[in-house]
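Engineer: Work out the full structure, taking the sequences as your base and the hints as a guide.
Chains A and B, in that order, give the protein sequences.
Using the numbering used here, the first residue of the first sequence is number 1, and each one after it goes up by one.
Using the numbering used here, the first residue of the second sequence is number 1, and each one after it goes up by one.
Among these hints, one or two may not hold up.
Claimed, not checked - In the DSS-like style, the derived pairs of lysine-lysine whose C-alpha atoms are separated by at most 30 Å in a straight line are:
id: 1; chain 1: A; residue 1: Lys47; chain 2: B; residue 2: Lys67
id: 2; chain 1: B; residue 1: Lys71; chain 2: A; residue 2: Lys49
id: 3; chain 1: A; residue 1: Lys47; chain 2: B; residue 2: Lys71
id: 4; chain 1: B; residue 1: Lys67; chain 2: B; residue 2: Lys39
id: 5; chain 1: A; residue 1: Lys127; chain 2: B; residue 2: Lys67
id: 6; chain 1: A; residue 1: Lys49; chain 2: B; residue 2: Lys67
id: 7; chain 1: B; residue 1: Lys39; chain 2: B; residue 2: Lys71
id: 8; chain 1: A; residue 1: Lys123; chain 2: B; residue 2: Lys67
id: 9; chain 1: A; residue 1: Lys122; chain 2: B; residue 2: Lys313
Rather than coming from a laboratory, the hints here were simulated on the basis of the structure.
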Amino acid sequence: MTLGLLQGGSSYGMLYLYVGIFMLLIAGFVATVLVLARLISPSSSSKAKAQTYETGESTVTDPWRPFPVRYYVFALLFLIFDVEAAFLYPWAVVYGDLGLYGFVEMVIFVSILSVGLAYAWKKGALKWV
Amino acid sequence: MQTVLNLLEAEPIRLFVSFGAVLFLVLNLAAILTMAERKASAYIHLRYGPNRVGPRGLLQPAADVVKLFTKENVMPGRSDMWVFLGAPIAMFIPAALVWMVIPFSPDAVVANLNVGILFFVAITSIGALGVVMAGYGSRSTFSLLGALRGAAQIISYEVPLILSLLGVIMLTGSLSLVEVVNAQGSTFWTWYFLPQLPMFLTFYIAGLAEVKRVPFDLPEGESEIVGGFMVEYSGMTWALIQAAEFASMGLMSAINVTLFLGGWQPPLPFLDFGPFNWVWFGLKTALIMFTFQWIRWSLPRLRMDQLMDLGWKVLVPMTLVWLFVTAGAMLVIPGN
Numbered sequence: 001m002t003l004g005l006l007q008g009g010s011s012y013g014m015l016y017l018y019v020g021i022f023m024l025l026i027a028g029f030v031a032t033v034l035v036l037a038r039l040i041s042p043s044s045s046s047k048a049k050a051q052t053y054e055t056g057e058s059t060v061t062d063p064w065r066p067f068p069v070r071y072y073v074f075a076l077l078f079l080i081f082d083v084e085a086a087f088l089y090p091w092a093v094v095y096g097d098l099g100l101y102g103f104v105e106m107v108i109f110v111s112i113l114s115v116g117l118a119y120a121w122k123k124g125a126l127k128w129v
Numbered sequence: 001m002q003t004v005l006n007l008l009e010a011e012p013i014r015l016f017v018s019f020g021a022v023l024f025l026v027l028n029l030a031a032i033l034t035m036a037e038r039k040a041s042a043y044i045h046l047r048y049g050p051n052r053v054g055p056r057g058l059l060q061p062a063a064d065v066v067k068l069f070t071k072e073n074v075m076p077g078r079s080d081m082w083v084f085l086g087a088p089i090a091m092f093i094p095a096a097l098v099w100m101v102i103p104f105s106p107d108a109v110v111a112n113l114n115v116g117i118l119f120f121v122a123i124t125s126i127g128a129l130g131v132v133m134a135g136y137g138s139r140s141t142f143s144l145l146g147a148l149r150g151a152a153q154i155i156s157y158e159v160p161l162i163l164s165l166l167g168v169i170m171l172t173g174s175l176s177l178v179e180v181v182n183a184q185g186s187t188f189w190t191w192y193f194l195p196q197l198p199m200f201l202t203f204y205i206a207g208l209a210e211v212k213r214v215p216f217d218l219p220e221g222e223s224e225i226v227g228g229f230m231v232e233y234s235g236m237t238w239a240l241i242q243a244a245e246f247a248s249m250g251l252m253s254a255i256n257v258t259l260f261l262g263g264w265q266p267p268l269p270f271l272d273f274g275p276f277n278w279v280w281f282g283l284k285t286a287l288i289m290f291t292f293q294w295i296r297w298s299l300p301r302l303r304m305d306q307l308m309d310l311g312w313k314v315l316v317p318m319t320l321v322w323l324f325v326t327a328g329a330m331l332v333i334p335g336n
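Structural biologist: What follows is the structure, given as structure tokens:
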């Protein structure tokens, strides 16, 4: 009964093609639903309806303007740790075969990054104001 | 019979069968979870919950879909139309696509990618893009605040989420989810949640934050920014965003189960049902989903600074410490 979902003898590149087609199909499905809903549902526009929702007040500000730099600091931190993870993943896959050598390598690598985290912490970069 | 099998083996058929199956699963999961959410909240509040449509209110999701289909989609006049309408698509893709790499029972997986875990991490982060698109495209102050909070929260919790998977990868020696499940064995004490308990808790909490559930629902924050990034959505666009949220909650439960709770593996060897082991997968996933809902109706929302402190000052150091512990233990205890 699960035969339709069985993993066939697909080649390496075939699987990624599969994933790509899947992504397009899902996007297509959602877009179709949106179009269908547009066709079925009523639509009438008026000036009041087109206003931005601001709890009943008339809108005075445009939100497309600079926002706090606080978000940028966290994005930067995220970038550093994401790259760290990108290096740790291949290491973790082969760790079973690396033994002590791999362990020491990882200790050095993670220690350097931990110093970075500790520095950011001490400097107050992790503090949300 | 043989010709039918050959037909199913043929790639285009398999593609559409599996696409239909995944889509069926995701949409039904979203519908069932909305219902379960309302019923669970009702019973936790000592109410009955929806009980008018169908027997015990079970047809409520169907009525909701019909209602939302026939509702007008009001779009704010000054919004960026394509970004606004693209957001539901960008949020739906990660919720549906990752189901491809999850093994449901011993042989049932749509695409056994050898980088399954990496695929999961990469695709779920598209969700942050969807939130930002929704907030920016609406061009509303509430939406933008919600989107910024959402982006900050999702990328902050992405770090412990990614790091907490390292223990599992080290123990398995592979990134494929099929391999991860196979390596956990069919006894519940060999599943990874025991040797990797701090990593499991980190992953669970970070997963909760990734899918924006209470206590991490600051991007929505209905009592302060009235719905956050989805305040301007209505009708079917809103329904799709909700469906994506619920489907990604189900997905996060399934990933929790696959990585730490043995996937389809039965808890004891004599409970092995062969190809019907998807029952175990379903039961365990349902259990994790229920804990998600339980938490939602029991805990208050965190403050933004508490959220960031928990992520960066508790979860990230904890994963790094347990990374050392796991690596050291694997070195000392051979044949692990």
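Engineer: None of the hints should be skipped; say for each whether it holds.
Structural biologist: Verification of the supplied hints:
no.	hint	verdict
1	A/Lys47 with B/Lys67	25 Å, holds
2	B/Lys71 with A/Lys49	14 Å, holds
3	A/Lys47 with B/Lys71	19 Å, holds
4	B/Lys67 with B/Lys39	20 Å, holds
5	A/Lys127 with B/Lys67	45 Å, violated
6	A/Lys49 with B/Lys67	20 Å, holds
7	B/Lys39 with B/Lys71	24 Å, holds
8	A/Lys123 with B/Lys67	53 Å, violated
9	A/Lys122 with B/Lys313	11 Å, holds
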